[in-house]
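K.L.:
What follows is the residue order along each chain.
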Amino acid sequence: MPDEMKSTATDKVTARIPAVYTNALTGFFEAATSGSLFTIRFFKEIVKPRYEFSEFLKQSYLIGYKSFPLVAITGFIMGLVLTIQSRPTLVQFGAESWLPAMVAISIIREIGPVITALIFAGKVGSGIGAELASMKVTEQIDAMEVSGNNPYKYLVVTRVMAATLMLPVLVTIADAIALYGAYVGVNLQGNVSFHLFFLQVFEKLEFLDVFPALIKTFFFGFSVGIIGCYKGYNATKGTEGVGESANSAVVFASLAVFIIDMVAVQITSLFI
Amino acid sequence: MEKQKGNKTRLGILVTVSFILLILAIYFIGSRQQLFSKTMHLSGIFTDISGLQVGNNVRFSGINIGTIDKIEQITDSSVKVDMKILESSGKFLKKDAIAVIGSDGLMGSKILVIIAGSPEGKIVADFDTLKTTMPVSMDDILVNLKVTSENSAEITSDLAAIIKNIRNGNGAIGKLFMDNAFAENMDDAIVNIKQGAGGFKQNMDAAGNSILLRGFMKKKKKKEERAKERAIEQAEKKEIREDKKEIREDKKQTRIEKRAERKEQRIEKREERKADKAGKEE
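Note that the protein sequences, when read in sequence, are chains Y and E. The opening position of the first sequence corresponds to residue 14 in our numbering, with each subsequent residue numbered one higher. The opening position of the second sequence corresponds to residue 2 in our numbering, with each subsequent residue numbered one higher.
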């Protein structure tokens, strides 16, 4: 078939699809490409000196330490509520003594990492997105580039690294607090000593419950950081763009957390 | 600068706490799986392991002493189960101990239970193979239960037939329970027996008053009177002994009380003397 005829056929097909869909599709692919390039740039920049260690520590403090109270409260409520909700069903089966082990496995394997990551995405993802977007629209990033600094290294690498390393720390503490919440929940309607609760929790826990859950939190943290930075770094449309970046950072980071979780569960199930 | 230093400290505390928690979790999970204690390896060969899995507990005397390390099919009808046992518990296992697959409660996971061997048996060594026995499966229980229920159905139908016969007054027991004429005859018979017994007593009294048996009856009476007298005397002696015992105990008690009183008095005097001395010194 001659080339001219081919192109006319393609044009006919595209002409039938409404422009809204074609634009959305093109926009999606463009975003996928620029997002991938942004992520690849991160891995290139991270190995190159000079390392912004003090900025990394500052961001770790802001991202990790400042999120701790929110994560702690969420963790405690998570453990407490899960225990109270699970109790009646287990009581029906006469398996009340399984409550600590069941709640512990649920918290450590799934609920702890995912809920903490979602809270983290809400707080940190939007924060990073809004901060970088406002820097972008006020041309501070451009100014950094002009003055010979590498804004990507200073702003993006430090934030993504801090998010990647701080989320596992927060999840570990949130799990411990959630287990304490579960202990309180067990004792609201029953009477179990802390020692017995502790033994029942660790009786059923395996390394395969702890490590895959911990490893996936690094990916959660990375995705929250990189999406927040990408959305902020590529903000447009002035002050309106700041809000949009913050909003879309949270939405996409939350979605990424669920997608990574789904993949992680599939991979973990291969070893169980 | 000071603020930055404080921030770093707080961040450091957060990270350290997280690490400590993680290390503790690893330690507790690891210690349950005997990663940090001395272990020994035992094995058993089963024809059916009923869903036993690597990591399930090994239990001896109701205590978890190890875990299943490896499960390996060695022939078409035998499975080798390797277990890791705490060395401290292994010294109580005898070579003739028997391994059996059980269940941790009704809904629990499978466990391997080791039944103790003979007390005079030799202690197991590392890499020994234990004797095994097949557990009673749920299917066997159901088959037995079916036989039992069939038998009980047969028994209850026979019992129903017997009760029906009794109600109808058939057979000896039926007559006994249901026949009114039989009950009346029984009443008559009992009245007759009573009358017969009364007549017999009168005859015996008359025989006792006759010349031939009077001597014998007197001797019998005297014997009975003597036995009664002896019994009374023994009862009196016993009473006297008990009274004496009581008196002795009372005396003992009073002696103890007097001694205690004297002791108290001595203590009081001593205290008074001490108080006097202290007063004089002042």
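A portion of the hints provided could be inaccurate.
Dumping the calculated BS3-like pairs for lysine-lysine here, alpha-carbon to alpha-carbon at most 30 angstroms [to be verified]:
1. 9/E with 136/Y
2. 85/E with 71/E
3. 217/Y with 71/E
4. 81/E with 217/Y
5. 111/E with 92/E
Here are some of the chain E residues that sit facing chain Y, going by a computed Cβ distance under 10 angstroms [claimed, not checked]:
6. 23
7. 32
8. 35
9. 38
10. 171
11. 175
Hints are computed from structural coordinates only; laboratory data are not their basis. Beta carbons: idealized from backbone N, C-alpha and C, even for Gly.
K.L.:
Each hint needs a verdict: does it hold in this structure or not?
P.N.:
Now the hints, each set against the structure:
For the hint linking residue 9/E to residue 136/Y, the alpha-carbon distance of about 21 angstroms falls within 30 angstroms, and the restraint holds. Taken as a hint, the residue 85/E and residue 71/E pair is honoured in the structure, with Cα atoms around 9 angstroms apart against an allowance of 30 angstroms. The hinted pair formed by residue 217/Y and residue 71/E meets the criterion: a straight-line CA distance of about 19 angstroms does not exceed 30 angstroms. Distance hint between residue 81/E and residue 217/Y is fulfilled; the C-alpha atoms sit about 25 angstroms from each other, no more than 30 angstroms.
For the given pair, residue 111/E sits about 24 angstroms from residue 92/E by alpha-carbon distance, which is consistent with the 30 angstroms threshold. The closest approach between the C-beta of residue 23/E and any C-beta of chain Y is roughly 5 angstroms, which is under the 10 angstroms cut-off, so the hint is satisfied. Below 10 angstroms, beta-carbon pairs count as interface contacts, and residue 32/E has one with chain Y at about 9 angstroms; its hint therefore holds. Hint on residue 35/E is violated. Least Cβ distance to chain Y is approximately 13 angstroms, over the 10 angstroms limit.
Because the smallest distance between the Cβ of residue 38/E and any Cβ of chain Y comes to about 15 angstroms, over 10 angstroms, the interface hint for this residue is violated. A distance limit of 10 angstroms between C-beta atoms decides the matter here; for residue 171/E the minimum to chain Y is near 50 angstroms, and the interface restraint is violated. For the restraint placing residue 175/E at the interface with chain Y, the shortest Cβ-Cβ distance is roughly 49 angstroms, beyond the 10 angstroms limit, so the hint is violated.
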